[in-house]
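Below are the chains, spelled out letter by letter.
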Amino acid sequence: EAQVTQNPRYLITVTGKKLTVTCSQNMNHEYMSWYRQDPGLGLRQIYYSMNVEVTDKGDVPEGYKVSRKEKRNFPLILESPSPNQTSLYFCASSILGLLQSTDTQYFGPGTRLTVL
Amino acid sequence: GNSVTQMEGPVTLSEEAFLTINCTYTATGYPSLFWYVQYPGEGLQLLLKATKADDKGSNKGFEATYRKETTSFHLEKGSVQVSDSAVYFCALRGAGGGNKLTFGTGTQLKVEL
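Chains as they are written, first to last, in the numbering used here: chain A, 1 to 116; chain U, 1001 to 1113.
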């Protein structure tokens, strides 16, 4: 079954304690991305990757890091979490799109993070 | 830059009522347009999509038509069910290629018996 998995699904942590949210896809997709979802703001892109070892900032990258050492995995790292990073996080993947392509982005189930 | 504007929610309807969720966009050229649905506790799922002017996307009784002249992609369904209760996101993908999606803020739909 084609899927994007994220772990953990729920996480409560304290300010400053480093954490990693894992993301894995089994569709051999080149493109992977992280979004955060906040009330009234929709989804905003944090980082994306167009292939192994190729990553770039999205719209709200401050306070986050990513890595892409393998094609299937794209972990999100919060080196020193702060309360304003409390949010719902989604990982997504797709094939690398061409002009006018409507290739579907597949989303993971989400990780609800609370930073106290 | 690109942007998507959706009507504020929540929208509350009775079962079998007609649904319209408005979506307008700002983008250069001809972006691709999408509607995603998020059921409670789940991730986003693609509902329908359209790539060029006058294209109509449809799925599960939902429809949306790409209107270039009004820069709109309104979501409609003729008869909603309780199971349609979810959050609906309008999104666009820029005409320049790449995979980035720009989302609207989402519209929560509640359907009651």
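What the hints contain is simulated information worked out from the structure, not anything from laboratory work.
All of these numbers come straight from a predicted model, not from anything done at the bench.
Cβ coordinates follow ideal geometry from the N, Cα and C atoms, glycine included.
Treat each hint with caution, since some may be false.
Claimed, not checked - Only pairs whose alpha carbons sit at most 30 Å apart, straight line, appear in this in silico DSBU-like list of lysine-lysine:
1) 65/A <-> 1100/U
2) 1077/U <-> 69/A
3) 1056/U <-> 1077/U
4) 1100/U <-> 71/A
Unchecked claim - In silico contact screen, one side only, chain U against chain A (beta carbon under 7 Å); selected entries:
5) 1001
6) 1040
7) 1043
8) 1048
9) 1107
10) 1108
11) 1109
Here is what the structure says about each hint:
Between residue 65/A and residue 1100/U, the direct Cα distance comes to roughly 18 Å. Compliance with the 30 Å bound is thereby established for this hinted pair. Restraint check for residue 1077/U and residue 69/A: the C-alpha separation of about 44 Å exceeds 30 Å, so the hint is violated. As the CA atoms of residue 1056/U and residue 1077/U are separated by approximately 13 Å, the hinted pair is consistent with the 30 Å bound. With a CA separation close to 18 Å, the supplied pair residue 1100/U and residue 71/A stays within the 30 Å bound.
Evaluation of the residue 1001/U hint against chain A yields a violated restraint, the C-beta minimum of about 9 Å exceeding 7 Å. Look at residue 1040/U: its Cβ only gets to about 11 Å from chain A, farther than 7 Å, so that hint breaks. A hinted interface residue such as residue 1043/U counts as satisfied when its beta carbon comes closer than 7 Å to some beta carbon of chain A; here the least separation is about 4 Å, so the hint holds. The interface hint given for residue 1048/U is violated, since its Cβ lies 10 Å from the closest Cβ of chain A, which is over the 7 Å cut-off.
With its C-beta approaching chain A no nearer than about 10 Å, residue 1107/U sits outside the 7 Å limit, and its interface hint is violated. Residue-level restraint check for residue 1108/U is violated (minimum Cβ-Cβ distance to chain A is 10 Å; threshold 7 Å). Annotation: interface hint on residue 1109/U violated; nearest CB of chain A at approximately 15 Å, more than 7 Å.
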